[in-house]
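**Student:** Listed below are the residues making up each chain.
Number of protein chains: 4
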Amino acid sequence: MSVIINLSIFPIDKGESVGSYVARAIKIIKESGLEYNFGPMSTSIEGEWDEVMGVVNRCFQDLKKDCDRIYLNMNADYRNGAPGRIKSKVTSVQKKIKQQ
Amino acid sequence: MSVIINLSIFPIDKGESVGSYVARAIKIIKESGLEYNFGPMSTSIEGEWDEVMGVVNRCFQDLKKDCDRIYLNMNADYRNGAPGRIKSKVTSVQKKIKQQ
Amino acid sequence: MSVIINLSIFPIDKGESVGSYVARAIKIIKESGLEYNFGPMSTSIEGEWDEVMGVVNRCFQDLKKDCDRIYLNMNADYRNGAPGRIKSKVTSVQKKIKQQ
Amino acid sequence: MSVIINLSIFPIDKGESVGSYVARAIKIIKESGLEYNFGPMSTSIEGEWDEVMGVVNRCFQDLKKDCDRIYLNMNADYRNGAPGRIKSKVTSVQKKIKQQ
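Chains as they are written, first to last, in this note's numbering: chain A, 1 to 100; chain B, 1 to 100; chain C, 1 to 100; chain D, 1 to 100.
Treat the hints as calculated values from the structure; they're not laboratory data.
One or more hints might be untrue.
Put simply, identical chains are the same to the list, so a pair is met inside one copy or across any two.
Cross-link-like lysine-lysine pairs, in silico, BS3-like; alpha carbons within 25 Å at most [to be verified]:
| # | residue 1 | residue 2 |
| --- | --- | --- |
| 1 | Lys65 | Lys14 |
| 2 | Lys27 | Lys65 |
| 3 | Lys14 | Lys30 |
| 4 | Lys30 | Lys87 |
| 5 | Lys14 | Lys64 |
| 6 | Lys64 | Lys87 |
| 7 | Lys64 | Lys27 |
| 8 | Lys27 | Lys87 |
| 9 | Lys65 | Lys30 |
| 10 | Lys87 | Lys14 |
Note that the structure is predicted; figures quoted are calculated from it, not measured.
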């Protein structure tokens, strides 16, 4: 569980509404069984590097079937030996905000 | 409320633990009164362009006080005449997932 | 000259070819007089924080005139007291590659 | 040659100067034989999806050897049946700027 990524992926050739393509990616993320957090701009996914990159690959391959132009943005935060961070990062910062 | 951004900002010159700096940025986002969604990798903020960019500016100016190297990553999604999207984008995609 | 950003900005509601919109943004970057480096995926711009963010703002305001949905991705690297980095970062890494 | 990515990868646990780690990543990119464009904030790499993602994987695995915290930012632009874009995207936009 050493990597968390933030993933956005959507077609550019399908006009203004891309929600149905985003939904297909989220479905693949869900089916991976990895911990995830779905937000308004991106989805965070936590796992080992190979697992997480496998999900990114499956999302891309799925959209590629019927999209001629795809944009993907990804940030990754790797931390050696730090499991369960998708929740702990949020609670740790929330504690610090209260202490300010 | 036409823009949602996804913002990550943290120092690179402070070693591995940057949570206290992230907490300072979140506090500024909170105090802005704008709708926001705090996640493990970034914080989404919704508002008019000038409001949102004002918050980004205040976060940067605050970290700049005591950080010599700062990294910032931002994605913005502008949609003309589409208020309240920080929630509606999530619920709209969730509906589409159920329909799959 | 303490900040370098990497900027991508393009409409999502105009179909697959967005080059003419990208060209409008580059023109604004050029006219700013700031040091810049135009690449296949983004444009790097170097200056003081306020100058660089002013350029980002002008690019957005220009596309907003005729685009109903705009996506923007930006990374910023701030380093206190480090001018002329848009060139020096590249040459410094090139030296390190030779030493390997 | 259907994908161009923009890649930044660097450790967060090694202090302010990360150039030697960036140099290691660039060396791996060079050795891949793929077309690339090294800029001040990121490196663009063009190839087939699997080739490009293989390079990203090798860069990560290399830094992981001696870095305990790594940050990675990646944008990808996929276009069906469009080879040689790392150069053509730049020249196409440059032409459009002249026509303005």
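**Student:** For every hint, state whether the structure bears it out.
**Tutor:** Verification of the supplied hints:
1. Lys65 - Lys14: both (13 Å within a copy, 21 Å between copies)
2. Lys27 - Lys65: within (16 Å within a copy, 33 Å between copies)
3. Lys14 - Lys30: within (24 Å within a copy, 31 Å between copies)
4. Lys30 - Lys87: Both: 17 Å inside a chain and 20 Å across chains, each within 25 Å.
5. Lys14 - Lys64: Intra 12 Å, inter 19 Å, cutoff 25 Å: intra and inter.
6. Lys64 - Lys87: between (32 Å within a copy, 23 Å between copies)
7. Lys64 - Lys27: Answer is within: at 15 Å inside a copy they meet the 25 Å cutoff, but 30 Å across does not.
8. Lys27 - Lys87: Answer is both; intra-copy 21 Å and inter-copy 19 Å each pass.
9. Lys65 - Lys30: within (20 Å within a copy, 30 Å between copies)
10. Lys87 - Lys14: Close across copies (23 Å), not inside one copy (34 Å); limit 25 Å.
When each numbered hint is compared with the structure, no violation occurs for any of them.
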